[in-house]
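**Student:** Line by line, the protein sequences give chains A and B.
Under our numbering, the first residue of the first sequence is numbered 1, with each subsequent residue one higher.
Under our numbering, the first residue of the second sequence is numbered 325, with each subsequent residue one higher.
Simulated from the structure, these hints should not be mistaken for lab results.
Don't take every hint at face value.
With a cut-off of at most 30 Å between alpha-carbon atoms, the simulated DSS-like pairs for lysine-lysine come out as follows [unchecked claim]:
no.	chain 1	residue 1	chain 2	residue 2
1	A	K191	B	K354
2	B	K435	B	K451
3	B	K565	A	K191
4	B	K472	B	K500
5	A	K191	B	K579
6	B	K391	B	K351
7	B	K391	B	K342
8	B	K391	B	K350
9	B	K525	B	K565
Here's the letter readout for the chains.
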Amino acid sequence: MALLEVENLHIAVGSGGKLLPVVQGVSFCVDENETLGIVGESGCGKSLTSLAIMGLLGDSTVRITGGSIRFDGMDLLTLSAPERRAIMGNRMAMIFQEPMTSLNPVYRIGDQIAESIRQHQQISRSAARDRAVELLTLVRIPNPSERVDSFPHQMSGGQRQRVMIAMALSCDPKLLIADEPTTALDVTVQKEVLELMADLQDRMGTAIVLISHDLGVIAETCDKVAVMYRGKIAEAAATADLFAELAHPYTRGLLNSIPVVDRDVEWLEAIPGRVPTLEETLTGCAFHPRCALATDFCASRAPETSQFKPNHSVQCHFAGGSTT
Amino acid sequence: MSDPLLRLVGLHTHFQTKGSGLFGKKKVIKAVNGVSFDIAPGEVLSLVGESGCGKSTVGRTLTHLEKATSGQAFFEGNDFLALTPSEFRPLRRDIQMIFQDPFASLNPRLKIEQTLAEPLFIHGLCKTWDEARVQIAATLELVGLDPKVMARHPHEFSGGQRQRIGIARVMILKPKLVIADEAVSALDVSIQAQVLNLIKKLQRDSGVSMLFISHDLGVVRHISDRVAVMFEGQIVEIGDKTQIFEAPQHEYTRKLLGSIPRISLGREVA
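So that you can see chain A by itself, here it is in the shape it has in the complex:
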């Protein structure tokens, strides 16, 4: 059994009396020592999915309306709040996009790391502090025994994200969820942070769910990929299999939209139109208004998840581009 199993997850946003579905039947699993990448554009539901796993949806306007999330044999959605809290930050931890806003500006970083350790472990202040120094060493902050007393504003963006990683790893989590961990960082710093995460995974065997809008980041760091479009997984496969043969027209469109650095392209093959808003109701396949392959059939019937290749699933009537 996989470490994390998300099955048929549905999340809805309540506005007024009606519920708008934002995540519609998402399923995936992640094993120990494995990295799953979830890629998609703004509003596709990738962040909400990760917040649902962490139990951070909190707000009564965003609700899980169906499905299950099993972690290490436990059904997370049936746990009580204290039971859930004992797991959060301890056995599963999360890194957020903005290292500037997710650290408390008025506390020293060592105290912030120690706080998360002492939340879950009965150890003394000084032992927690020693552990904080150890963790800063692990994430390669120079002079960790001095920097442990720094305030967040005294550190660069890359260093702050390392502190966030140190904090997330403080209780040796089995699962790490990273929501756009490098999006706010420069490319050279991004490379260092991604390499650090991969290195730590090798040493600790952590399972990672990496959420990103950047197909390049996903391609380089993940073992398998789920491509999300408007609340559903359009395509999912092992990374090598996915890029060997893209099955969903949206994935192909996404890839063709990226201006690459290694060759000249005269005009980008942009996907026409835009993602329909939540209020706009759609019948059939959510991608059909923007899809070159779409037929009347696509507009009337939503595709089920089908196996395109072994371990390569897709939600498209014309997977692989053929019309048979």
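Dock chain B against the given chain A, drawing on the hints supplied.
**Tutor:** For chain B alone, coordinates are given in the frame of chain A:
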């Protein structure tokens, strides 16, 4: 080569910071520290670099949004850096800027037609609303929007559409030089591709020169004729696009190019 449209010679833009504490020493931050380049008519030059390298400050100095510390900038042969605000005003029609954030750069209270008419009236290109509306309609079509949207407010548009409106506001003046500061960075990739194609097409069709400021090397390769790589306030390497991307000379350029995550397509032969 013909005379450059813009020639920048030894531009310095320095900022003074308050020192730490009451008696702390003031520090000078040399955001732009001796930058020189030419842009020919019809040419697209990109400034690329990481945050804090000074690339945006170059653009902001050229539009008088920051004050140059020293150096010269010639537009069609005339130094315009030392001009007073009122002396510079006529040039603002020729030197236009597209900003990054399509949500912050449009006045939320103005209808699209008001936003687009403002520059026309300010620069005396139109006298009446009827004249203005003709030009607004034509420009909206140029950027791929239905002219009917001119009666709407910015909040009714998506990020990509707002950026098209920002581009329309610039193009409606038929400028000679457009400075685009991270013009597509806030957009999702599928929308970014549409807007990039649009900018490239408008640039080709109108022959406007462009200073394209971006941190994204892929975007830069797609849009530019020439590329200048900036690091710590200086240009470390400048050259034709192909040379910069195919045969980078400077170590920093190579480091930047090496840091970009790549996607390898097809099945690799093991």
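**Student:** Take the hints in turn and mark each one as holding or not.
**Tutor:** Each hint tested on the structure:
Restraint check: the Cα-Cα separation between K191 of chain A and K354 of chain B comes to about 27 Å, which is no more than 30 Å; the hinted pair holds. Between K435 of chain B and K451 of chain B the CA atoms are separated by roughly 19 Å; this keeps the pair inside 30 Å, and the hint holds. Distance hint between K565 of chain B and K191 of chain A is fulfilled; the C-alpha atoms sit about 24 Å from each other, no more than 30 Å. Proximity of K472 of chain B to K500 of chain B is assessed by CA-CA distance (about 28 Å); at most 30 Å being required, the pair is judged to hold.
Annotation: proposed proximity of K191 of chain A to K579 of chain B holds, straight-line Cα distance about 11 Å (limit 30 Å). Between K391 of chain B and K351 of chain B, the direct Cα distance comes to roughly 17 Å. Compliance with the 30 Å bound is thereby established for this hinted pair. Restraint check for K391 of chain B and K342 of chain B: satisfied, since their Cα atoms lie roughly 18 Å apart, inside the 30 Å limit. The suggested pairing of K391 of chain B with K350 of chain B holds, with an alpha-carbon distance near 19 Å, which does not exceed 30 Å.
The hinted pair formed by K525 of chain B and K565 of chain B meets the criterion: a straight-line CA distance of about 18 Å does not exceed 30 Å.
Of the numbered hints listed earlier, not one is contradicted by the structure.
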